[in-house]
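Protein chains in written order, with my numbering: chain F, 1 to 531; chain G, 1 to 225.
Derived from the structure by calculation, the hints contain no laboratory data.
Among the clues, some could well be false.
Said to hold, decoys possible - Residues of chain G clear of chain F, computed beta-carbon distances all greater than 12 Å: (1) L62; (2) E84; (3) V87; (4) R155; (5) L158; (6) W161; (7) R182; (8) P190; (9) W224.
Said to hold, decoys possible - Below, computed lysine to any residue pairings styled on SDA-like, alpha-carbon distance capped at 25 Å: (10) G:K117 x F:Q361; (11) F:K231 x F:V214; (12) G:K117 x F:K325; (13) F:K227 x F:R77; (14) G:K117 x F:G365; (15) F:K171 x F:D119; (16) G:K119 x F:L363; (17) G:K119 x F:G365; (18) F:K325 x F:T93; (19) G:K117 x F:S362; (20) G:K117 x F:L363.
Stated by the list, open to error - Residues of chain F placed beyond 10 Å of chain G at every Cβ, according to the derived structure: (21) V22; (22) E85; (23) A142; (24) K325; (25) L352; (26) R356; (27) S362; (28) L363; (29) T437.
C-beta: ideal position from N, C-alpha, C; glycine also.
Each chain, written out:
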Amino acid sequence: MLTEIFHIWSDSPALSLAIWLVISITLLYAGRPHGHQLLRSTGRAIYTSLRLVATSIRQLEHRVQERNRDVLLAMGRDAAEKSIEREFQRINTLVDRDLSQYPSLHRKLADTLQKIQDDYHQASGDVLLPPAWSEVMDTISALPTSGDPAVVKVLENIQDAVESSHQQSFKAYQKSANERHKILHAMQPEWRTLNSTMDKVEALLGGLDERTKVIDRHMADYESLRKAEDKAVNALTASSLTQFFIASLVLVIAVFGGIINFHLIALPMSEMVGGASYIGSVRTSDVAALVIIMVEITMGLFLLEALQITRLFPVIGSLDDTMRKRMAIAAFTILVIFASIEASLAYMRDLLALDREALAQSLAGATVAQAQFRWIPSVGQLVLGFILPFALAFVGIPLESFVHSLRTVLGLLLLVVLRTVRLSVRALGGLAHHLSTMLISLYDLLIMIPLSIERAVKWYRKTSVQKIPGDKGDADAAIEEHTGLSADPGTGPGTDVATAHTNRRKTRRSRSSTDDSELDELPLNVSVGKA
Amino acid sequence: MNSYSYVHITRRALVLLAICTALLLHGCSAPEDQRRAAFILIDISGDYASELQQARVLSNYLLANLNSGDSLAIAFIDNSSFTERNVIARATFDHRPSVASQQKRHFQTQVEGFLRKFKVPSHHSDITGGVLLASDYLQEMDAGRKYLFILSDLREDLPPWLDRDLPVKLDSVQVVAVNVKRQRQDNNSPRDYQNRLALWQARVEDNGGQWQLVNDMARLERAWQ
Numbered sequence: 001m002l003t004e005i006f007h008i009w010s011d012s013p014a015l016s017l018a019i020w021l022v023i024s025i026t027l028l029y030a031g032r033p034h035g036h037q038l039l040r041s042t043g044r045a046i047y048t049s050l051r052l053v054a055t056s057i058r059q060l061e062h063r064v065q066e067r068n069r070d071v072l073l074a075m076g077r078d079a080a081e082k083s084i085e086r087e088f089q090r091i092n093t094l095v096d097r098d099l100s101q102y103p104s105l106h107r108k109l110a111d112t113l114q115k116i117q118d119d120y121h122q123a124s125g126d127v128l129l130p131p132a133w134s135e136v137m138d139t140i141s142a143l144p145t146s147g148d149p150a151v152v153k154v155l156e157n158i159q160d161a162v163e164s165s166h167q168q169s170f171k172a173y174q175k176s177a178n179e180r181h182k183i184l185h186a187m188q189p190e191w192r193t194l195n196s197t198m199d200k201v202e203a204l205l206g207g208l209d210e211r212t213k214v215i216d217r218h219m220a221d222y223e224s225l226r227k228a229e230d231k232a233v234n235a236l237t238a239s240s241l242t243q244f245f246i247a248s249l250v251l252v253i254a255v256f257g258g259i260i261n262f263h264l265i266a267l268p269m270s271e272m273v274g275g276a277s278y279i280g281s282v283r284t285s286d287v288a289a290l291v292i293i294m295v296e297i298t299m300g301l302f303l304l305e306a307l308q309i310t311r312l313f314p315v316i317g318s319l320d321d322t323m324r325k326r327m328a329i330a331a332f333t334i335l336v337i338f339a340s341i342e343a344s345l346a347y348m349r350d351l352l353a354l355d356r357e358a359l360a361q362s363l364a365g366a367t368v369a370q371a372q373f374r375w376i377p378s379v380g381q382l383v384l385g386f387i388l389p390f391a392l393a394f395v396g397i398p399l400e401s402f403v404h405s406l407r408t409v410l411g412l413l414l415l416v417v418l419r420t421v422r423l424s425v426r427a428l429g430g431l432a433h434h435l436s437t438m439l440i441s442l443y444d445l446l447i448m449i450p451l452s453i454e455r456a457v458k459w460y461r462k463t464s465v466q467k468i469p470g471d472k473g474d475a476d477a478a479i480e481e482h483t484g485l486s487a488d489p490g491t492g493p494g495t496d497v498a499t500a501h502t503n504r505r506k507t508r509r510s511r512s513s514t515d516d517s518e519l520d521e522l523p524l525n526v527s528v529g530k531a
Numbered sequence: 001m002n003s004y005s006y007v008h009i010t011r012r013a014l015v016l017l018a019i020c021t022a023l024l025l026h027g028c029s030a031p032e033d034q035r036r037a038a039f040i041l042i043d044i045s046g047d048y049a050s051e052l053q054q055a056r057v058l059s060n061y062l063l064a065n066l067n068s069g070d071s072l073a074i075a076f077i078d079n080s081s082f083t084e085r086n087v088i089a090r091a092t093f094d095h096r097p098s099v100a101s102q103q104k105r106h107f108q109t110q111v112e113g114f115l116r117k118f119k120v121p122s123h124h125s126d127i128t129g130g131v132l133l134a135s136d137y138l139q140e141m142d143a144g145r146k147y148l149f150i151l152s153d154l155r156e157d158l159p160p161w162l163d164r165d166l167p168v169k170l171d172s173v174q175v176v177a178v179n180v181k182r183q184r185q186d187n188n189s190p191r192d193y194q195n196r197l198a199l200w201q202a203r204v205e206d207n208g209g210q211w212q213l214v215n216d217m218a219r220l221e222r223a224w225q
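With the rest of the complex left out, here is chain F (with noise of 0.2 Å):
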């Protein structure tokens, strides 16, 4: 069919060829303005278009870093009142603990200081200044001893009844003095005591002003996140991502945890329900070995929301004390119940595995071995049954950590995503754009010949009225040359595109009136940079 038609214009196809090219350059040529106007005006409704989508998409991802703001303070404020919280809590357990036993450790204070006090009063009691004894004794041997024997006499009998009172005064002195002695030393375990006491009123005293600077710390982290500021978020993202990271791995090892617990107890889980019954395509004892490790792990997230552990069910954590000790301790034993099924199933599985074993064995003609130290794996196998469930139990916590987190991631993904369609839309938009340029070029070049004639006419006119100035096709060659427009609008191959095109070029700066003013095209009314 398609040979037919470049057939039509003659048999030979250089010919047909040639003929074909001519009709469709002249066709183009002459559609010229219309084809121009098609492109710009495509790759303008597609750059606008898509541009309009992107920031459409720009919004949505503000809503979302919006929320993810929002949810990253909330999260933050919550976790920064329960540490506040949790200080407090420390606070009173110290004051309750050590603080209650300050008014008898006030009591002793107090009577160690009394017993003191009073030792010090006695310590401080009137003695006799043996000073002033050895001044009257001084006097009394320097008198003369040459005078009347009487005198002399007399004197000497002062002498010795004041020497004889010195010394009864300094035996007193010396008793005196050493029961203050005796008084100060028996002071010294006291001041001991005072001194331990006053150390562990000043321990206390510490350990509270510590506390009181981790509050302030939670404090200002608090106040921090209230004013919503960008490095308390920045802090509190990087946070969730790390937890999420760690959570992640965690969970990662209790899934290998109960894959391995699975593998534990599926076998001998067909000897209760049986090995050869199915729910869909899968064993009826699979099944059962997987609801088990299931219960397991929920009994585990129960016991430790019944703990205030972790807090994913909030039904859990509004009970009242009593009510929750009793779900811990429910949860508790349903655990060390199926815990010790699970040990049972688990050394169930060793003896099945060696019947098993013997039965290959003898399929296989081979004389069944008896292995040594058959006990150990047996014994391992139990052991591993009782902990997995329990090791299983504590998933809660990384759980818990992990839904937290990944709000927060989800939200930076969804937000990366978001960023990735945008600048692809956009990149789109221009992709489009450059394109309808191009093609507009293309669409030039194709029709390069009549383009090439239509300048040499220009050319032609342009130095014919430049020889015969004066004449009417001077004022005309000189309209075009400043305005680029033809004087008569009815000569053009079509008036009302002519006139559009001089409305149009009315608004645009003057150029040049080369020829490249052909291929001149609309300024596209938008902007590329900030959308």
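Following the hints, put chain G in place on chain F, whose structure we already have.
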């Protein structure tokens, strides 16, 4: 938590429950039957009696690979094979693995007993009768996958009084010809051997079965899979 939140949570829980129930029902709606049933036919005719040790290998292999809920039977092909006396042992393994292991041991003992007591080969080989017997057994088991293992040279030599010109129900039965021994006549004319195999293949496939040839016992696993 206010009543609205409780209502909201209850609705979500109901929706989740409905989805889980739908998934569960979907999973249970068309359960694929995972049970397997296998039947072994041993040719004890004069030309093939020397290959009886292969029966031990095959039965032990199947015993090792069959699980709880699966069925296995073994019978021999002699002058007239469509009788209950031809069945050496049969068992459907219990759903408890420990009991199934005991059944396997018992089955093995029965096969070993037969092989130990066997002395006189049969003059004829009624293969079609054995296939009919196996077909009945496999149809009766109604397992998800059915296998018929034939340990024979596939040279049928019917006594004149037997009428075996009747169709055999082998719908969805995987027929595996194991260790098809080439006889002296086959050496003289290999075309006979090929024709014999082609005849049996056509016969099996015409009756709805699938044909497979395993001459090397080490390749049994491929047939079994």
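Evaluated hints:
1. L62: L62 of chain G not clear of chain F: closest Cβ-Cβ about 10 Å, inside 12 Å.
2. E84: holds (26 Å)
3. V87: For V87 of chain G, whose nearest Cβ neighbour in chain F is about 21 Å away, the distance exceeds 12 Å, so it holds.
4. R155: Holds, since 30 Å exceeds 12 Å.
5. L158: holds (35 Å)
6. W161: Label holds. Min Cβ-Cβ 40 Å, cutoff 12 Å.
7. R182: Given that every Cβ of chain F is farther than 12 Å from that of R182 of chain G, nearest at about 27 Å, it holds.
8. P190: holds (35 Å)
9. W224: holds (15 Å)
10. G:K117 x F:Q361: Answer holds: K117 of chain G to Q361 of chain F is near 24 Å, not above 25 Å.
11. F:K231 x F:V214: Measuring from Cα to Cα gives roughly 20 Å; hence the hint holds.
12. G:K117 x F:K325: Given pair K117 of chain G, K325 of chain F is violated - Cα atoms ~72 Å apart, limit 25 Å.
13. F:K227 x F:R77: Satisfied, since the Cα-Cα distance of roughly 11 Å is no more than 25 Å.
14. G:K117 x F:G365: Answer holds: K117 of chain G to G365 of chain F is near 19 Å, not above 25 Å.
15. F:K171 x F:D119: holds (22 Å)
16. G:K119 x F:L363: holds (23 Å)
17. G:K119 x F:G365: Given that 25 Å is the threshold and the Cα spacing comes to 22 Å, the pair holds.
18. F:K325 x F:T93: Judged against 25 Å, a Cα distance of about 21 Å means the pair holds.
19. G:K117 x F:S362: The hint holds at about 20 Å.
20. G:K117 x F:L363: OK: K117 of chain G and L363 of chain F at ~19 Å, within 25 Å.
21. V22: holds (68 Å)
22. E85: At roughly 20 Å from the nearest Cβ of chain G, E85 of chain F sits farther out than 10 Å, so the non-interface label holds.
23. A142: holds (107 Å)
24. K325: holds (22 Å)
25. L352: Check fails; 6 Å does not lie beyond 10 Å.
26. R356: Not fine: 6 Å to the nearest Cβ puts R356 of chain F too close to chain G.
27. S362: violated (7 Å)
28. L363: Its Cβ does come within 10 Å of chain G, the nearest being 4 Å, so this is violated.
29. T437: holds (53 Å)
Taken one by one, the earlier hints fail for this structure at numbers 1, 12, 25, 26, 27 and 28, listed in ascending order.
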